[in-house]
Structures are given as structure tokens and as C-alpha cells.
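Spelled out, the chains give:
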Amino acid sequence: MSFHPNEMQRRARLASAVLFLTFVFLVGSFFRTQVLQHAQYVLQSEENRLREVPLPAPRGVIYDRTGQIIAENLPGYSVSLLAPGVDSLRAALKRLAGTITLSAEQQNQAVRRFRRAPNRPAVIFPDASFDVVSVLEEHRVEFPGLIIQSAPKRYYPDGPAMAAFIGYTGEVNEAELASASFKGYKAGQQVGKDGLEKQYEHLLRGREGTRFVEVDARGRVVREAGARQDLLPVSAPPLYTNIDLDLQKYVVELFGDSLIGGVVALEPKTGAVLALHSAPTYDPNRFIGGVSADYYRSLNDDVRRPLYNKAIKGTYAPGSTWKLATAVLALQSGLVSPDDRMATACNGGYQYGNRRFKCWDKKGHGSVTLAQAIEVSCDVYFYQLGLKIGLARLVAGGVDLGARERTGIDLPAETRPSFPSAPASDYYNRKFGPRGWSNAVSLNLAIGQGENSQTVVNMARLYTALATDGQAAPPRIVRGTSARAPLFRLDDEQMASVRKALAGVVQRGTAAASQITGVMLAGKTGTAQSGKYKGAAELNHAWFVGFAPANDAKIVVAVMLEFGGHGTRAAHIASKIIEHYLKVQTMQVLNTEGE
Amino acid sequence: MSTARRRIADPTLVAIAILLSLYGIAMVYSAGQTDVPTLVARLYRQQIIWFVLGVGAAYAVSRASVRFLDWVTMPAYTASCVVLFALLFIGAGAGTAASSKSWLAIGGVRLGQPSELAKIAVVLMLGRILASRKEAPRSLMDLWQPGLAVFVPWVLIMRQPDLGTGIVFVGIFFAMLFWSGASWQLLVLVASPVVSLILAFSTGLWGAWFLVLIALVLWYRPYLAEGVAVVLANVVTGVVAPVLWDKMSPYQQKRLLVFLDPSTDPRASGYHVIQSQVAIGSGGWLGKGYTLGSQKRLAFLPAQHTDFIFPVVGEELGFLGVAVALGLFMALLLRSVRIAARSPDPFPSLVAFGLASAWFVHIVVNVGMTLNLMPVTGIPLPFFSYGGSFMLSCWLSVGILGRISGEGRGPADMLVI
Chain Y
1 MSFHPNEMQR RARLASAVLF LTFVFLVGSF FRTQVLQHAQ YVLQSEENRL
51 REVPLPAPRG VIYDRTGQII AENLPGYSVS LLAPGVDSLR AALKRLAGTI
101 TLSAEQQNQA VRRFRRAPNR PAVIFPDASF DVVSVLEEHR VEFPGLIIQS
151 APKRYYPDGP AMAAFIGYTG EVNEAELASA SFKGYKAGQQ VGKDGLEKQY
201 EHLLRGREGT RFVEVDARGR VVREAGARQD LLPVSAPPLY TNIDLDLQKY
251 VVELFGDSLI GGVVALEPKT GAVLALHSAP TYDPNRFIGG VSADYYRSLN
301 DDVRRPLYNK AIKGTYAPGS TWKLATAVLA LQSGLVSPDD RMATACNGGY
351 QYGNRRFKCW DKKGHGSVTL AQAIEVSCDV YFYQLGLKIG LARLVAGGVD
401 LGARERTGID LPAETRPSFP SAPASDYYNR KFGPRGWSNA VSLNLAIGQG
451 ENSQTVVNMA RLYTALATDG QAAPPRIVRG TSARAPLFRL DDEQMASVRK
501 ALAGVVQRGT AAASQITGVM LAGKTGTAQS GKYKGAAELN HAWFVGFAPA
551 NDAKIVVAVM LEFGGHGTRA AHIASKIIEH YLKVQTMQVL NTEGE
Chain V
1 MSTARRRIAD PTLVAIAILL SLYGIAMVYS AGQTDVPTLV ARLYRQQIIW
51 FVLGVGAAYA VSRASVRFLD WVTMPAYTAS CVVLFALLFI GAGAGTAASS
101 KSWLAIGGVR LGQPSELAKI AVVLMLGRIL ASRKEAPRSL MDLWQPGLAV
151 FVPWVLIMRQ PDLGTGIVFV GIFFAMLFWS GASWQLLVLV ASPVVSLILA
201 FSTGLWGAWF LVLIALVLWY RPYLAEGVAV VLANVVTGVV APVLWDKMSP
251 YQQKRLLVFL DPSTDPRASG YHVIQSQVAI GSGGWLGKGY TLGSQKRLAF
301 LPAQHTDFIF PVVGEELGFL GVAVALGLFM ALLLRSVRIA ARSPDPFPSL
351 VAFGLASAWF VHIVVNVGMT LNLMPVTGIP LPFFSYGGSF MLSCWLSVGI
401 LGRISGEGRG PADMLVI
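Here the protein sequences come in this chain order: Y and V.
Residue numbers 1 to 595, in the working numbering, belong to the letters of the first sequence in order.
Residue numbers 1 to 417, in the working numbering, belong to the letters of the second sequence in order.
Worth flagging that the hints you see were computed from the coordinates, not collected in a lab.
Among the clues, some could well be false.
To be verified - FRET-style restraints, in silico, Cβ to Cβ:
1. Y:98 / V:42: 28 to 36 Å
2. Y:24 / V:78: 34 to 42 Å
3. Y:20 / V:201: 26 to 34 Å
4. Y:98 / V:205: 55 to 63 Å
For every residue, glycine included, the Cβ atom is placed at its ideal position computed from N, Cα and C.
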């Protein structure tokens, strides 16, 4: 070999140069990774190491108008598992099932939750009982990925009394997560599912906090706290409502478990909802975090349909309560005055064409004025009044009164009432064909039958206009202002006479049994055909919509008893509600002789 | 010579090696500090014992003369080959290489990995063969002896299989040929079939390479028969490459593919490399603090006490720690090259360079693998990775280098390279 020292030096220099450049390259590579790309790798390392455990924020507390609690949060626990993958989660769940009762369905559900959000702990029990928690705490060492977390639980102290408007909370579902309105929500979070909880979700939600736990490569929790500063949850501010909890509870008590129907009580000038109830009721507390199949089935199978909200969802023919609408339309257009009589006196029926339209009272009412017709609810008078107004105006006027519109109450899923659209002839031509109907539809419409079915809340709203100055505001459960809009225009004298007639209903007329001592109650009964029969007799819905005191109303109440028979029954309940409200309110005593 | 009486053969070299060993032991200790304790936690004690044994062995070797090394070469080489051959039948696996047969075990007790010591034997053997020639290898025919000397143990080790050590042998072979004065053209011709093997997967690249090779052959003008043989070898390897690929086991194929793109398999094969990079990258300038690396503590790093110990350095001591370690390694290698250059005789000079090249391959492949600059081949990092045989062999190398340094001409400091 060539081994001259000069040769050796040349090779040594070459070798050293290669060596040096190699190390420069290596150091440069480390510089790039450690210094230039540092941030990116720190992020990856933190992602490796930290798991975010959500700390649910307490939802906003809901108060009634006097500061009593409608909805609050109780301390509760959720149990979840951190796992690096589905397989290890299943294995851990299987082992858990050996320690506590954990059904296959619960296991599958936990896996589904994990799949939706693999970086969050998979929730096993959103609302674990104290027994489960204490057993798990004992065996904690055996389940390294187990996370027991305090989770505020929604609670409604007077649950069944609130069911018609409070709604409930539950885990956000896939469809909701996919929708734009739930942007920013994460799987596993509790959201409002119905009622106020849903309507005011954005206000009640609060801001979720995060606890950081440290896990190792196999998903075992190594450190439960202090891995990084926790972000504390921020609870939502309270929500103040117009509900009068005492009145609400009184209403629910009145209905008990035997009556079926809906009630809406409004403050006439503001539209504030004082009480809203649908009977029979259920316990929304049992819906929190998922209703049990048994309870849901029992509610769903109940023929009285407790889950069907009869105050805002159910629509019913308004019956005679609608006669006020007919009267208002006639007065507004100047066709009659309160003292006018119709051409044909009531003899228990009215012949129109080849058909005889019966009055509810077979004995007949004789010749009556408009005011008297309202008092005694004379059908024959209103048949003729309807004809006088004419179908076109009857329909167009009804539309103006809001007969086709939702009230806009701040609850989800209010049903839109049904009523013919204007122009009336087009509507009926569409419905029955051009020769399939006659002007006789006016007779039915005039007495609140026919193509007219209203929600209880919409009838209450209509009567707030009668109780005040012809204007009405959208009913509101949560405190706030809503703009009043005119439904009709009557002069003061006309308004006074209408109210007087409504007061007469209670003093002398169809609701005479429902007087309140010391208070002038005004209102109108209704007995509406339901189209359902029990044997030969048609079952009727009993209505009463009224307000008091008659000349300076503080409360409007609409009561509808499903298949409740005659309107006097509804009037009886309404008067009790109003009496309760006004007595508690220590209202001024009115002269019953009045105007 | 006056240096013969020196108590420590080459204080600079030894100091660097001691610093590296202490640094390494400190990292092996840290590698054991995990949140869920494992057996690794106690291994640093054994590493200290091996370090002490290694230093003792090095001292003993440095007492022996270069002539003794020359004398012991043949028996050591023969013994190595016999043991490596025997391992194919009685070898045992361990740790991350459980399926290979690299361990010599008697009665269930694992004694060590003979391949680590075989490296030194091969270096000695190659040194002897190359030193015995008057001139540098000029033709392929001149290479049959050194080639065979490496090929026999290489085949035995590749049969274990231990790809990492196999690569080291190839590195030693080329480095020592270079040091013996073989021209770079000859080295390229020798390496050309391997290049063809790799480039065969792209017809265009292979064609281009082929043209370069022809030009090289025409320029270098080897014997006609050899020129033809080289070209034919390139054709053959280029053709059989796809066949070889198919014959590779899926895990070997996967390793190579993952090297090209770790993200293709982030959960399995690519996992090691990605987690290693995350550990290093998250270290930043100064690291997360000694023993405090979260990737290591939480077991995201694979084999953090052996093959992937360097990411622990990167994570806990940051770029600074990495630079210090690499700086020490570079000093070690430069010092060794200097010793080789200073040695008056061909044999010790070649041996010194061969030992340095073995370290070099270990360092570059191991450190490169942690940053995905090299494929994952399971090759340990000198003085750092936990392992008795390797610590011993590294210190034996230090001892030999020290001795060679001691017999070199004049004080090392007077020679400028």
C-alpha cells in the first residue's frame, strides 16, 4: 500500500473533511428540527401527552317573576374513559362491566361517543349515581383511563308543573352537531332539547372548561391535575322569566291528573306569560340526560297524550270564543252596533237555503241584541251576522286578527293555527272545488266552527287585544319587551260595550256560575265540536277565554279542556285561576254593578 | 519510545471517551425514569459495571503492543467466524430483536453479542491483509482477499439477521480500502452493483447510472475481464432487484417504505420515527430538563435506552445537549483519524482508521435514524446505547487506538493535519 506520510496526510485531510461535513449536516438537521420546527413538535408532543377532559359549565338558573327557581343545577357525576383506540376502550369497558352493572347497550353507546370524539374521554355514565361513583373510586387503580368528573345536573324543583314550557336537556346528537346552529358544540355536551332550554340555549349554555390530564403511550392516566393550568368553566347568567310560579303551580293543581287540556295566562298589556300548562303533565326531570325507555313508552302510549303540548301545539276549533272575532269584525266595519238585532229572532235554529242550522239552545233566545247574543252565545244571531259581514270579509278579517299566524311565543315548535286564507273564494275553490261549497260556510265560520282551528295561546293573544285597546304583543315567557301590533280598531265606546258584553257572559250568561266575588270577570265560553264521538254523542272541547278586571284587565286566561264538554267547565277553571292571581296580587275590589 | 512509559496512552482520546461514556450512562439512567416504571429503571447500574469493565479491558489492551495485536489477529478472526457460525444454531434473541439470533447464551444466560467483538476482529484482519501489500489495490482481483475476509462474517451476521451490523461491516470495508490508498474509481466500481440494485426500481435512473458506469470503466481502464464483470454484475443486480424485493419479508419492505415516508404508517412502523422526531423537536434549544422528557416518561419513545437513546438527549437537553454530544463524537473521530495518520506502520494505521470508521457508521446511522435521515436498522449508538458487549467493544477500540497512538511518531500535538 502506498504509505508515504504525505499521502497519509492527504487522505487524513479528506477523511476529516468528510467527517466534519457529515457532522455539520447532522447538527444542521437537529437545528432545523429542534429550533426551527420546535413549535410544531411541541404541539405534537402536547397532543401526545395531554387529554382534554371537558368540565361542563353549569347552565343558567331560570327564575320566575318573583325570584323563585324554576330550573337549577344539582351536583352530579359523570364517568368516562380515556382510551387510545376503540379496541382498548372495548377491553376496558368489558373489565368495567365486571365491577359495576354496565349493559351491552351502554358499552356500545360509549364506543359510539368515543368514535364521535376520539380525543375526548368517552362518556359511559353522563349522570352516575353516587353508588356507582363510590364503587369505581374504590377500584380506580384497576382502570387507569377512568375519569370521574363532577358534572352539574339540570334539575327542575317543580318538574311536572313546568313540563309545558321548560323542556329538558340532553346530550347533543349527531343531527344537531351537523347543523349550523350548533356550530362550536362538541359531542357529549348537554344541550337544551325542548322548551325554554332549547329556545334560550345560547343564553343558558355557559362556557365549557377543560381539565388537562396527562396520559402515557397506552392511554393510561398518569397525572390527573397540574399537567397544565385548567380552564375553569364559566356558568351562564341567570334567565328571568315572566312566569308566576305560584300561579303556575296553582293551575297545575287545578288540572290535577284527571283533566286534559291547555292553559295560557297572559298579562294583557305586555304579552308576558304568567302561566302556561298542558295537562296531563309529566316530569321533565326524568328526561334529563336521556329518558328511560319505559317512562317514555308509558307517556307515549297514554291516550291523553301528555307529550303533546295542548297550549301551543294542539289546535282546536275555537267554537263560540270566536264569536267575539265575528263581533269585532262587524263592529269594525260599522255593520252593526252593540244594540242592533238581527232580522230573524232565534227560535232554536236558522233556515239557510235548504238546510237548518241549529242554535245550541233548542229553546231559542228570541230577539237579542249583539251584546245579549254574546252573553247567551246565540248561534242564530251570529249566523246572520256572518252572512251580513260576508264570507270575504269574514275570512280577510280573521286573517288580520292573526288566525293564520303563530303568536311568536318564545318556545320552539309552536303550531301555526289553521284558518282560510284570503281571498276566501279562492281558498274554498281550492279546498272543495268551485261548485263544492256554498255561502253556508260563512255560518260555520261565524260561530267558530268550520275551517278554523286555533291554539290556546293564539286565543289568549286575541283576547289580550279585546282586554286592552285592540293591540297585542307576542306572548313572552322570558322577560323582555315585545312590540304590540294592532289586531283591529274599535273606538273606546265599542271596546267598552264589547267588554261589557263579555262581563255579562259571566254575570248572567253562559258562565254565570263562574263569578268571582269582588272582581268583574269578562270572558267567553266555547263548546267546540271535535269530530270525535263517544257512542252517539259528539265529544266537545270546552273553551273559556277571559280576562279580569273587565275594565282594566290584569290577566287574560285561555282554558281549553280537550273533550271537556261544555264551556262552562272551562270557565269555572279560568275563573279560579284569575281569582287566585288577582287575590294574591291584592287587586282593587271592583263594583260588580259596574258599567 | 518515550511514550511507551506513559501511564495513559492517549489522554485526549481517553478523556473524550470517558466524557461520552458518562454522558451515555446519565442518559441510560434518564431513559429508565418513566412514569410507569419498567425494568429499564435499573439498567444504568449494569451499564456502569460494563463501563468499568470496558475501561479495564482498554487499559489491558493498551499495555499490549501492536505486534501482539498483529499476532492475535488470525486467531481472533477465526474464533469470531466460528462463533458467528455457531450462533446460527444456538443464538438467542433479546429485547427489540427477539426474533434474531445475535445473542450468545449458555444455559439461558445471555453472555453477549459476539458480533460486536467480531467487528474489531474484522478490522484487525482487514488491516493485516491490506498492510501486507506493497501497493494499494489497483484491480478487482487485488480485492478478493480483503473482500472474502469481510464477506464471510458479513454473511453470517446477515443470516442472524442483523442488518445494522452488516451495514457497519460494509462501511469498514470501504473506509479501510480508501485508507489503504485504493482509488475512488475502484471503490465506485466495487460499489456499482449495489447502486444498480437500488436504482433498478426506476428504469430511467438505472439507465443513467449505467451510462455513468460505462464512462467510468472506459476512463479507469481496468482489466478487460474485470470491466466486463463489473458491467455484467450491474446488469444482473438491476434485473434481480425487483425479484429480491418480492422475496423480502413484508416487515423489511415496510421499514424501507416507511423510511421514505413515515406518515404512511403513523400508528405502526412509522410510529417510532415520528415519535422520535417529536421528542427531538419538542426539546427546543435547551430541552425539557434532564429526566423530564414527556415523550420518554410517557413511553412514546420506543427502545429509549438502546437504539432510540439519542432522542432522549434531544428532548431533555435540547439542541445544546445534542450539539455537545455530536461535538464529542466528532472530536473522538477526528482524534482517531489523527492517530491513524500519525501511525508509522501500515497495520496499526489501518486498524485505527477501521475502528474509527466503525464508530462513524454507528453514529451516522443511529443518529440519522432518529431524524428519519436513515432507515430504522436497529444499530446502537457508541457509549450511549445500553448494552454490555457494545460498551466493551467500544472501550476495547479505545484501548487499541490508545496503544497505536502511543507507538505513533512523536507527540500527537506536533502533527498538523
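Ascending list of hint numbers which this structure does not respect: Violated: none.
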